[in-house]
Each structure stands twice: as structure tokens, then as C-alpha cells.
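Chemist: Okay, here's what each chain looks like letter by letter:
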Amino acid sequence: MAKSIAQEFTKGLWQEIPPFRLVLGLCPTLAVTKTVENGIGMGVATTFVLVFSNILVAALRKLIPSKVRIACFIIIIATFVTVVELLMQAYAYGLFMKLGIFIPLIVVNCIVLGRAEAFASKNGIVASTADGLGIGIGFTLSLAALAAVRELLGSGSLTIWGDLSFQVMGPSFKPFTFMIQAPGAFICLGLMLCLMNLVGSK
Amino acid sequence: MTDLIVLAISCILINNILLAQYLGNCPFLGTSKKMETAVGMAMAVVFVLVLAGVITWIVDTFILKRWDLEYLRTIAFILVIASLVQFVEMFLKKSIPALYAGLGIFLPLITTNCAVMGVCLINIKEEYNFIQALVASFAYAAGFGLALILFAGVRERILLARVPRPLQDTSIGLITAGILSLVFFAFKGMV
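In the order they appear, the protein sequences are chains A and B. Oh and the first sequence: position 71 is 52 in our numbering, straight run, nothing missing. Oh and the second sequence: position 91 is 232 in our numbering, straight run, nothing missing.
Everything labelled a hint here was simulated from the structure, so no lab data went into it. A couple of the hints might just be wrong.
Unchecked claim - Partial selection, computed: residues in chain A whose CB lies under 7 Å from chain B:
hint: 1; residue: Val4
hint: 2; residue: Leu7
hint: 3; residue: Leu11
hint: 4; residue: Ala52
hint: 5; residue: Val62
hint: 6; residue: Phe167
Beta carbons: idealized from backbone N, C-alpha and C, even for Gly.
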């Protein structure tokens, strides 16, 4: 309980970084990481929902009866997901179309509900904000890392955001299209998990 | 009729919910370590997904679309699914205790199973009519069950094999899922 705010924030970046340490939220991880841009977009949207739902859950934690808490959390989360959906439709329509049903599916992303249940319902507003921000940024970084590997091998380019795109591989490079399709996603995530285990077990 | 059969086959094999659409992966990895739990989860998903698919279709067509409330779809669907799961749980506990004993622990998990919510959203996005939505929901659920049970079978064998330490558990599970997904990939172009 005596952990500082900074510790709550940084634990999401390494010790409990989703989806590697905390194996939750695999569906968006696998589905949207075809380009770095999609990965970052998904990560930012999830972070937004995570931070605001954490704040609201922490603020209301003494008012929510424990028997119906899951239902209350889900309604809070669904509200913020709707906010993100509408914001993205207005300001990032291209990305919204690319991410498709995975934006409404943030509702059932176990990371968000998991943090509400495991952390925000037991801690204060400031600590919960730090926790949400840390886990969210950690999630964004993992998505970007996974997407970078897949995009580099699968189409030979790196699309950071909008027009900020680089053709990394030369013209003679034959794209390894397997990587940007479903089987590549599973295998790539499996190998990255293995790498994380190797680094972490030292 | 032929259209519906083609739809069913494409939902089960070609667009398999787990291996081609990447939905429902958390329970896929979580409950596939033992055949028993995999079968239980598969049955619970079939049961809830068919009901949820039909009810959300009705809610969307007769309530949300009629009064231009499409922006409330996410909240409406998650509420429908959560209350449906709760209702099914209470109903089974009261009237079919044997089935409840089998499915019991998996039912609460289904609320946050993105396969259920995902299929409901796909039904709306593809603008299926009622019969198509019913067939698609059942076929996606059957595809989920098929992939989950196949995967559990493979995973039980992996337990006996010697896996290098960093690759153990989830890591090797994901790689196996990738190979299984490659197998399902071969169905592409069948329809």
C-alpha cells in the first residue's frame, strides 16, 4: 500500500506490462497489429478508456455495492468506449474504419475490467490514474513493438502515423505476407513472449 | 437454402472466429489446458452465443434502428449480454442443475468473452437478416468449439513433451495456435 505514485505508473511499463507479463487482452493485440499506426491507435484508445474508467471507478468505489460491482464497472467502461468511438469517428475516421469492430470491443478487453476490479476498486483516484496510465502506455508500447516486427517483415515498411511512413526494405525485398495474416500474428506473439521470458528470467 | 449452408461453412471453417478473426483468444488460451474444461467452455459459448446473437439482432433492429439510437449500440449490447448470461445462469441453476454443474463456472467468464460481443457486432455490420443472423451465430459458435477442442487435444500432448523453459505455457500455446491457424488457412478459397 505504501507504493509511491511513480511506482504505480512504472510497473505498467515493465513488471506488469500487458500483454506479455499480464496475459490479457490478446484479441486486439493479435488483430490490429498489421501496421504500427493501427497498433498505436488501438493502444491510445485503450489507454483513454483505461484511465477514465479507472478514475470513475476509484471515485465511486465506496458507493458501488459489491454484489453488482461488475455490472457497474461494465457500464462505466461501455460509456467511455462510446465516447472514444464518437471521438474517433469525428477526428480520426480513417483509423476508425481500419480498426473496425475492435473499437467497440474494448468493452470486453479484459485488461480494462481487470484493472477496474483488481486496482481501481481498492485504491484512490490519483493512484488509479497512475496505474491506468502506466498499463495503458505499456499496452501501447507492446502493440507498437509487435506491429513493428510484423509490418517490417510482412510488408517491408513502417507506418508510424498517417503519412509518416517509411519503406525500410529495398525494392528487391519480397514481403513475407505470412506475417501480416492470422497465423503470423500468433507465432510472432508467441516468439516475443518467449523473448520476454528469456530476458526476465536472468 | 444453399446460401445458408455456404454461410455456415464459411463461418465455421474459413472465417473461424478464433483462428481467422482473432476473437475470444483469452478463454481460448485459458481453458484449453484440459479437454474437460475446453468442452465445457465450448458448450457454454454455443449456448450463450446463439441466444445473444438472436436477442441483440432483435434489439438492434426493433429498438435501436427504429429510434436512431445506433450510437448506443455498444452499451446496449454489453448490457444485453451481461444480463442474458446472468439470466441463463439463474435459469440453469433452478431447472437443469446437471447442465449447470457442467457449465457453471464458465458462464460468468462469457460476459467478457469478445467472441460473443464480436459475433453480435459482425451480424449487424454484415446486415444479415434474422435467419442469417441465427445461422451465423450458431456457425461461429460451432467454429469456436471446434477450434477450442482441437487445440485442447494438441495442448494435452504438449504437456508430455519437453519444451524449452522460456517457451513454456502461453508462449508454446500461441505458436501451436499459429500452426493450427495455418491449417484453417487452407480452407480459404473453398467457397
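Chemist: The structure should be examined with respect to each hint, and the outcome stated for every one.
Modeler: Here is how each hint holds up against the structure:
Because the smallest distance between the Cβ of Val4 (chain A) and any Cβ of chain B comes to about 5 Å, under 7 Å, the interface hint for this residue holds. Against a cut-off of 7 Å between C-beta atoms, the interface hint on Leu7 (chain A) holds, since the closest Cβ of chain B lies about 4 Å away. Taking 7 Å as the C-beta contact cut-off toward chain B, the hint placing Leu11 (chain A) at the interface holds, the least distance being around 4 Å. Because the beta carbon of Ala52 (chain A) sits about 6 Å from the nearest beta carbon in chain B, less than 7 Å, this interface hint is met.
Because the closest C-beta pair between Val62 (chain A) and chain B is about 5 Å apart, less than 7 Å, the hint holds. The beta carbon of Phe167 (chain A) comes within 3 Å of a beta carbon in chain B, closer than 7 Å, and the hint placing it at the interface holds.
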